[in-house]
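J.: Residue numbers (the numbering used here), protein chains in the order written: chain L, 1 to 388; chain V, 1 to 388; chain F, 1 to 388; chain X, 1 to 388.
Careful: at least some of the hints might be erroneous.
Short, incomplete list of chain V residues facing chain F, as computed with Cβ under 8 Å [claimed, not checked]: (1) 126; (2) 135; (3) 165; (4) 268.
Going by beta-carbon spacing under 10 Å, a handful of chain X positions derived as facing chain V [claimed, not checked]: (5) 224; (6) 258; (7) 267; (8) 269; (9) 301; (10) 305.
Okay, the calculated bits of chain L under chain F, using three or more residues with CB under 8 Å as the criterion [claimed, not checked]: (11) 220-228; (12) 262-272; (13) 294-306.
Keep in mind that the hints were calculated from the coordinates and are not lab data.
Ideal Cβ positions, reconstructed from N, Cα and C, are used throughout, including at glycine.
There are 4 protein chains.
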Amino acid sequence: MKKLPFDSTDNYSHDAAAQRRDFVAQNADTNLQHLGSYSFDPAVLRGNIENFAGVAQVPIGFAGPLLVNGEHAQGAFYVPMATTEGTLVASYNRGMKLTRLAGGITCTVVNDAMQRAPVFVFENARYARQFGQWIDANFDRIKAIAEQTTRSGKLRDIEQHAVGKLLWLRFNFTTGDAAGQNMVTKATHSACYWMLEAGIEGLEHFAMAGNLDTDKKHSHLNTLHGRGKKVIAEVVVPKQILQDVMHVSAEALFKQRQLSNMGAFLANSSNNGSHSANGLTAMFIATGQDVANIAESAAALTYSEVTPSGDYYFSITIPSLIVATHGGGTGLPTQRECLEMMDCFGTGKVRKLAEIMAAVVLCGELSLASAIVANEWVSSHEQYGRNR
Amino acid sequence: MKKLPFDSTDNYSHDAAAQRRDFVAQNADTNLQHLGSYSFDPAVLRGNIENFAGVAQVPIGFAGPLLVNGEHAQGAFYVPMATTEGTLVASYNRGMKLTRLAGGITCTVVNDAMQRAPVFVFENARYARQFGQWIDANFDRIKAIAEQTTRSGKLRDIEQHAVGKLLWLRFNFTTGDAAGQNMVTKATHSACYWMLEAGIEGLEHFAMAGNLDTDKKHSHLNTLHGRGKKVIAEVVVPKQILQDVMHVSAEALFKQRQLSNMGAFLANSSNNGSHSANGLTAMFIATGQDVANIAESAAALTYSEVTPSGDYYFSITIPSLIVATHGGGTGLPTQRECLEMMDCFGTGKVRKLAEIMAAVVLCGELSLASAIVANEWVSSHEQYGRNR
Amino acid sequence: MKKLPFDSTDNYSHDAAAQRRDFVAQNADTNLQHLGSYSFDPAVLRGNIENFAGVAQVPIGFAGPLLVNGEHAQGAFYVPMATTEGTLVASYNRGMKLTRLAGGITCTVVNDAMQRAPVFVFENARYARQFGQWIDANFDRIKAIAEQTTRSGKLRDIEQHAVGKLLWLRFNFTTGDAAGQNMVTKATHSACYWMLEAGIEGLEHFAMAGNLDTDKKHSHLNTLHGRGKKVIAEVVVPKQILQDVMHVSAEALFKQRQLSNMGAFLANSSNNGSHSANGLTAMFIATGQDVANIAESAAALTYSEVTPSGDYYFSITIPSLIVATHGGGTGLPTQRECLEMMDCFGTGKVRKLAEIMAAVVLCGELSLASAIVANEWVSSHEQYGRNR
Amino acid sequence: MKKLPFDSTDNYSHDAAAQRRDFVAQNADTNLQHLGSYSFDPAVLRGNIENFAGVAQVPIGFAGPLLVNGEHAQGAFYVPMATTEGTLVASYNRGMKLTRLAGGITCTVVNDAMQRAPVFVFENARYARQFGQWIDANFDRIKAIAEQTTRSGKLRDIEQHAVGKLLWLRFNFTTGDAAGQNMVTKATHSACYWMLEAGIEGLEHFAMAGNLDTDKKHSHLNTLHGRGKKVIAEVVVPKQILQDVMHVSAEALFKQRQLSNMGAFLANSSNNGSHSANGLTAMFIATGQDVANIAESAAALTYSEVTPSGDYYFSITIPSLIVATHGGGTGLPTQRECLEMMDCFGTGKVRKLAEIMAAVVLCGELSLASAIVANEWVSSHEQYGRNR
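Chain L on its own, in the form it takes in the complex (with noise of 0.2 Å):
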């Protein structure tokens, strides 16, 4: 086996990352031109990527106008869905229309903040909750240290969580425009040393994970507690307008809402909704989001009800929304480009951009539930689809 040339990570270069396409490319004796087309200098990837060898093209559609009534984002948008699921852009398009003819999509954040939960172990139960009661105690201190590893993030509150001689320490923090795992980490880190440099009666060991956060998958401690940003998108529906342009009434949307509810309370699911996870995995790519944060944001809590005309109340609550307009790969070529046509990137915006978000999967899943419902899901996968 021989090893990669330039392993370096500090070698962001065109000709290192040829000579990584090429060497790899001879050994498979395959061809990785299109790989090496890209439109930047590799300079700028310093601090998101090792080992630079060239680009994914995935390919982006434009949907919209999507009209969103938030308290950050305020009117029209054009959105970028980086996908390759034929269908996927032109569902949430036709979402976009119909809300849009509903007057638009109500978006309110309610929670923000971002986790690192480190573990203490103690010698028994009652040293762990002397511990707690210290840091109930010492919560200003222990703030003031926390925040001094940084400009924007801010320690909330930190949650205790007891079991046996464990005690979990689950460390909030609001992280203005950046999705914040490293700063969080980073800022925890320094206080749960100032403690331990101080001295924990009664402690036996101490690491600075142990899945509580929890990071990079879903839990139901997320749904209930939060990871990122918690947005709500509402929408009430004119009986009228559902008909003309999905071809269904409340009531067969909400009959269809009765099954989805019961089988995911029944599959155990993170998400009563349809597939939040498709049009927030094609903004994450577009727009330089940790893609991998999926795993958290894809939970979902969908309530509905037909009013009393008869128009259909629909929302959706994302509770762990994870996203960033500055920071990561915020600030890549392509990906800015795609956060400034909304005009989200930098400071200020990260609360727009989930209310966007938001917006957007509201309009997937009322357009998948009307397709599911008019009977038109599997003849629109034929039109647009490739999976023959």
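Using the hints, position chains V, F and X against chain L.
T.: Chains V, F and X alone, transformed into the frame defined by chain L:
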């Protein structure tokens, strides 16, 4: 609000894409030049996207060689990982070094099926049960009907799930080298309409979907019954190698695992491991998978032991890995190249790719866990990361 | 610390019980006279308890008549409910009146099996898979071995669940009129030791249990696959009767159900209904069931509809109802009387009892939901309750 | 169908009970003599049951002494266990011997609250959020109103859970020595109606309950936030004692725990331990608890370690132990005696009882796990059991 030009989904050309970009750029007073930098004829995208306007350029780093002792994947592989998260490629690469020195990763596919789960609503539970008995008795005929719609899809079995007057049928198909969601939808649709046309006693209502597949979201049902491939990756790392490469002992990793197991159980998480979503997402984007399936594929089960000689047995079981080497986005230019560099493009390759992905995930688990245990986690993000 | 006298478990006599009471009473300076008031010869308790010292006198109230349209239970039943919670009997009784006027409750048993799930640990996942294939190929022989240990237990099938190098086999038995936990343990033990003696390639370790049964605790696996009987109870209550008896409309109950469904999903609850544990526990105590199985049997799935004519379809599905009419405590004096008053004692009666229990649960669901909706909940507890 | 005589719930007399028994006995052509054997005046049952007809005589065995090093329970206790399952008392008794020799069980109460969770439905999510902010700002007034209805209930805090236009408020009360379900219902009702009368902007609908308490069923919310007492029991068993009493090593128990942890995670179980429901149910019946709360109280978290010297640290955490020493059935004749034999009757005793119960559970866990590991499980049921 202005409508997007060329909303027709049949318009796959450089011009059409440019006009969409220009329209949106003008509308938002911004610039979308990088989006327009792609290296292929948009005509290849028919069936993959609508309203095509450009591409996301997602940086790819190469990791490897990864040594796999699979039944389908055998030998050393260089792995393309598309991500914007600093440290990720370096961390997986470190795990690949470790497992290479340990003699490679054993991979085993133990389950393989794709689902569609229509729901039948009856007058009462007795009619539902009677229909279920009819399904069991007529499986061969149903199978024949379903398989008429597809060359590669084979109906394996039909699960039944009853709640009150509702009966879900969960059709399990093998789908060759495609992920198969559309294939199984079409086949299930065909089988159901054959039954519906023949008449089903006591039936009140039918819906093609009711959240029991479950598609584009985590469910415990998927963890138990699988969706896509269920793959297990295992390794035994000798203690000396663990110490040399990772600066940790098997005992220390195992102790950390106890905390992570407890935390995952307490959080009611879909995954008691660390971050399988990171490696899978990076490979999904690179190889043209349906990235939204990370919602399901991120679930995992980790089991480890310290062997009598102090080495570390570590395994990761991915119950719902949804992956394809044919169809969907796998044939697009950069995506195909990424598959080809692992000799995983086209027919007969899907289990090979599944094995490689599981092996990649395992590498990331060992690397991150070691970093946490060795307290190198924060410092490595300092070195490679951006989110400061 | 003094040891209890007559620790021998073979000592079932009035004298031995009295001596135990006297010893403890003296030790605690208290009086245990009521404990000693029982109406049978302690010799009947052999096999039911050790260190017998007396009885708990749990008050029983009668409710009914309950009108059941089951396949096994047909007609009107008076139901014994053992409880100390004021309002409980009255509330269930009210539900029985309602459903009686509505024409009775339809009950259907749709699944029936008791489990034991040993776990086999192999050198690696491949050996585990190979063993699984052997199990499938040799099911008939395994079945024959297992059934040698029992008259009434029949091995229905063996589920396989693989994680890393572990393979759980979940044996599903029908168990006649007994709950069957011990019966299936013995049969499974016998089958496993036959395999172990024959030699299993690559096996490292074996354990008779590993929490996949799952016994004496809720699990989602039990909800999906069942444990004991899966029973569905259904009713359609005409709107006028609902109004007359409960002072609510179908629409109001259905609206409340929407909130309860959402709440149960959000809480990740084992039951989207209200309080099935109340009715089941009261009947379990009265009829000599293993009351600890409430942990499993309390899971339930509620589905309801408003019919086109404004009546209320309501159903409760109990996936893991563990119940017996033979063995365990069913033959003890008061317990047997309680079974006999429903003609449910002895062989051939267990599905009848399961149907009655499901019907009772349904009555309690409708009664409590109606009380909440009609805002009569607090006042009824004021009237009947004690906890002020 | 004939109506039961004396349906009035105010009729608590020997005669009324006898008439009910006679009526049912005649109706079913059976005999209910044992039911009528009870040793108290039925008048004591007012507030505990309606339509009283007799008692279930549930056999009680004594186990112990149990050595507890609690903060409230200190010393040796003889424990009453009401059950009809052979082996149960003997098994717990064995665990008590083991832990007695090990120096006793340390118990710690770490959380204490009882819940009621009304749900408020608004026009949209913004009104819901605004109401939530009002709740936070007016907590002291709400607390004052709620506490007017009760002497011992104190409002600790109010959780908020938002989904779409719905907002659940989860009121957490401490409830003195009562379990407190009715007390908190009344207090919450009072607080809510005070708010409702004052007027809540944008409110469409209100319901006193919506499955987020969660009452009489397991929920992961209860595991995370607690319901009733959260109690931790811990012990370190020296290896020699483990070997002498249980014929197992700490290493073997720990290995079995790995399998049980994995199985519980795979099954998505409410409890990674073995059978806490057994010990709790037996004590609940004996001591007049609301036995239906086993649905919630059976949840548990087990964490164990092998110490450097080869001893076994074992802990069980019960997050939702619902228990009382006052109110409900605690004052009935046999029930009170059972509390008194542990000096746990009346005010100021509830945490003591909670500690004893947790210690009992721990004993049963060690005993059953040891039996499985030592392969004595089947044979012990052969010796003591009945279900053959």
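J.: If a hint holds in the structure, say so; if it doesn't, say that too.
T.: Consistency of the hints with the structure:
no., hint, verdict
1, 126, "holds (5 Å)"
2, 135, "violated (13 Å)"
3, 165, "holds (6 Å)"
4, 268, "holds (6 Å)"
5, 224, "holds (7 Å)"
6, 258, "holds (8 Å)"
7, 267, "holds (8 Å)"
8, 269, "holds (9 Å)"
9, 301, "holds (6 Å)"
10, 305, "holds (8 Å)"
11, 220-228, "holds (count 3)"
12, 262-272, "holds (count 6)"
13, 294-306, "holds (count 3)"
Against the hints set out earlier in the document, a violation occurs for number 2 only.
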